[in-house]
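These are the residues of each chain, in order.
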Amino acid sequence: MFEFCSDPSVLGDFQWLACYLTTAKHANLYFAVGLVLVLLAITAPTALAFGFGAATAARSKFRPLAWLAHGYINLVRGVPDTAFFLFFVIALDQAFEWIRHKIKCPDWDQPIRQGNDFIVCQAAKLPLGEADQWVHEIYGFFIAVLTFALVFGAFAGNVLYGAMRTVPRGQIETAEAYGMTPRQSFWRILVPQMWVYALPGLSNIWMVLTKATPLLFLLGVEDIVYWARELAGTALPKFTDYPHGDWRMWYFLALLVFYLGLTRVSEIVLDRLMIKLSHGQATTGGEALRKAAA
Amino acid sequence: MKKLVLSTLAAALAGGMAMAQDKTIRLGTEGAYAPWNFVNDAGEIDGFERELGDELCARAELTCEWVKNDWDSIIPNLVGGNYDVIIAGMSITDERDEVIDFTQNYTPPDPSAYAGMSEDVDVAGGVIAAQTGTIQAGYVAESGATLVEFATPEETIAAVKNGEADAVLADKSFLAPIVAEDADMMFVGEDVPLGGGVGMGVRESDTELKETFDAAIQSMKDDGSLNELIKKWEVASTFE
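Read top to bottom, the protein sequences are chains P and C. Its first residue numbered 1, the first sequence is counted upward by one per residue in full-length UniProt numbering. Its first residue numbered 1, the second sequence is counted upward by one per residue in full-length UniProt numbering.
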């Protein structure tokens, strides 16, 4: 990076550190920070959408749909994340490839399952075998978002389902008295009011989600915890220009600061959101706001 | 999201149609086991197996690409088709041979060794660290010593240094540079001969690829270039 980095062994402490922290290997760590933030930014709204869909379906008058939604919420919440990640992702990936195999290679005469092996024709591979590494990484990232959204969507679904039932019955009754259809009272009365009840539960899920990213390595996506561990490990002079001992404590300390910072920012945003949502609500929070203003 | 899935799938289907059929071989490795395979300062995979793999691919006239994968899931991802070859210092054992196939070995069977902080460690009855899913972990479990397992090689060394384990059992070539650098660490007890050498893992159905690499390894053995590579990286004893 810097010009004086060509021979790190003769540098002073500060310059050594400056060179060390700007190696291409460290760039991977900085990139991973961005990756995690982007992943969270995409996953959170997607999971919320999954949860909203599941909660709405769970309230449906059409029984099979409600059963399906309840089944999804309870099943996914009950399976350990690691097991879900290992099984579901491999299964999902193979399902995609199986479909492509059936479409693209109708003349294929060998079985797809041969003992332990899962074999589809080359053209059905996802991503294609000859695709660049970044295509594989984008694909892994996409699978990660989908899996995270499914898992955390189930938790969000349960929270939203409970929040929808907590909105006082009187509110809906009034809406009906005004002649609103069920659809109108759902979108105009129930949904705007439920968020204040859902927010504490949703903020919990958000906090858990921010810390769940090390699971990504199971999918081949290298997150910050992976790179911190990789960089912190003992580096012998034989294999690097920047030898050092076991520095895991320092790297994990940096991770700690990163996650605490993320938590603090989340808290501030969520607190503001809570105040905004509490305005005019028949809750103690809403009452406190009314009194403060009066 | 559903729509996104479908449209991505459709785009992938359409894109794939035009592609040529000749294939890139994806080589899976761990990237945390110097000198065999590790990530260098430039963030690239480096080491004995990087050089070996590139040379073998050149000899077999294959286009190869490197992929990093967690050791724990390195076999499931091979049989699942995420890459085509495991080249990660994996010893050839009967147990693994039931699930995947191995090429001929590219390093001869070599001893594993114990490393600890003092001479008088009881390797037969003490607490021994080893990496999960390795032949060394299997050996310790049967030896009567108490086994503590770790996901990465780095953590097994750290366990010895912080006193959690009395000694670590690993490939001698992996421990040698550590013992040489670190004044506190030393080899203890007797060396243990384990496994049938290190080979490349391929899917059992991939006999063609296995034969291709077998031939390439043989040609490197014949002209002595494999021995040179082994000496350069000090990973094992050489072939005769």
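Bear in mind the hints are in silico, worked out from the structure with no lab data behind them. It is possible that some hints are incorrect.
Claimed, not checked - Which bits of chain C does chain P cover? Going by a derived footprint, with three or more residues having C-beta under 8 angstroms, they are: (1) 37-50; (2) 135-145; (3) 170-177; (4) 220-230.
Unchecked claim - Heads up, simulated DMTMM-like pairs for lysine to aspartate or glutamate below, C-alpha to C-alpha not over 20 angstroms straight-line: (5) 23(C) x 241(P); (6) 161(C) x 13(P); (7) 238(P) x 65(C); (8) 25(P) x 211(C); (9) 238(P) x 44(C); (10) 23(C) x 267(P); (11) 25(P) x 206(C); (12) 25(P) x 154(C); (13) 238(P) x 211(C); (14) 25(P) x 41(C); (15) 23(C) x 246(P); (16) 232(C) x 241(P); (17) 231(C) x 51(C); (18) 161(C) x 119(C); (19) 23(C) x 184(C); (20) 238(P) x 51(C).
Don't be surprised by glycine CBs; every beta carbon is placed ideally from N, CA and C.
Hint-by-hint comparison with the structure:
no., hint, in the structure
1, 37-50, "holds (count 9)"
2, 135-145, "violated (count 0)"
3, 170-177, "violated (count 1)"
4, 220-230, "violated (count 0)"
5, 23(C) x 241(P), "36 angstroms, violated"
6, 161(C) x 13(P), "26 angstroms, violated"
7, 238(P) x 65(C), "25 angstroms, violated"
8, 25(P) x 211(C), "35 angstroms, violated"
9, 238(P) x 44(C), "16 angstroms, holds"
10, 23(C) x 267(P), "50 angstroms, violated"
11, 25(P) x 206(C), "34 angstroms, violated"
12, 25(P) x 154(C), "17 angstroms, holds"
13, 238(P) x 211(C), "34 angstroms, violated"
14, 25(P) x 41(C), "5 angstroms, holds"
15, 23(C) x 246(P), "41 angstroms, violated"
16, 232(C) x 241(P), "18 angstroms, holds"
17, 231(C) x 51(C), "13 angstroms, holds"
18, 161(C) x 119(C), "14 angstroms, holds"
19, 23(C) x 184(C), "49 angstroms, violated"
20, 238(P) x 51(C), "16 angstroms, holds"
Checked against the numbered hints above, the structure breaks hints 2, 3, 4, 5, 6, 7, 8, 10, 11, 13, 15, 19 and satisfies the rest.
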